[in-house]
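Given the sequences, and given the hints that come with them, work out the whole structure.
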Amino acid sequence: LLSPPSARKRFAATPSPEEALAKVPHETPAAVMAAVPADEEWALMRRAVDGDIFARLCELRAQVAHFDGHAACVVEPHARRATTLLRFLRARSMDAERAAALFGEAMAWRAEFEVDRKLAAWRAEWAE
1 LLSPPSARKR FAATPSPEEA LAKVPHETPA AVMAAVPADE EWALMRRAVD GDIFARLCEL
61 RAQVAHFDGH AACVVEPHAR RATTLLRFLR ARSMDAERAA ALFGEAMAWR AEFEVDRKLA
121 AWRAEWAE
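Residue numbers (the working numbering): 1 to 128.
By construction, these hints were calculated from the structure, which means they are not laboratory data.
Ideal Cβ positions, reconstructed from N, Cα and C, are used throughout, including at glycine.
Warning: the hint list may mix true and false statements.
Computed beta-carbon distance windows for the label pairs [what the hints assert, rightly or not]:
| hint | residue 1 | residue 2 | range |
| --- | --- | --- | --- |
| 1 | Leu44 | Ala121 | 19 to 25 Å |
| 2 | Asp95 | Trp126 | 35 to 41 Å |
| 3 | Glu112 | Glu40 | 30 to 36 Å |
| 4 | Glu125 | Arg90 | 29 to 35 Å |
| 5 | Gly69 | Leu44 | 34 to 40 Å |
| 6 | Glu125 | Val49 | 34 to 40 Å |
Written out as structure tokens, the structure reads:
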């Protein structure tokens, strides 16, 4: 079965996976949000979610504030990022206590496996 010339043209113009990847912006939503100061991120979050969710998010922030000096929060202040905390809160059905426990486990894992050091090495290698 032969495909019509228009289909052959369309498939011929399809970029290779490498070409397609090169066109993908390197600024992922997480990278864009990382560039936003934490206090501004909280102001944006206050407008983006309803009051109950924001209250639970503030409760979670209070419970994880002691992680501000944690080894896993030196490079990136995960415990102060509203978007990060919201992901943990959603992962635990909006239960701030359970989200705080999960956050603690995640920060321990990041520190144990030296995630920030490995990411820095990978980024340096990627930039070469």
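Do the hints match the structure? See the list:
| no. | hint | result |
| --- | --- | --- |
| 1 | Leu44 - Ala121: 19 to 25 Å | violated (32 Å) |
| 2 | Asp95 - Trp126: 35 to 41 Å | holds (37 Å) |
| 3 | Glu112 - Glu40: 30 to 36 Å | holds (31 Å) |
| 4 | Glu125 - Arg90: 29 to 35 Å | holds (33 Å) |
| 5 | Gly69 - Leu44: 34 to 40 Å | violated (25 Å) |
| 6 | Glu125 - Val49: 34 to 40 Å | holds (37 Å) |
Consistency note: the structure conflicts with the earlier hints numbered 1 and 5.
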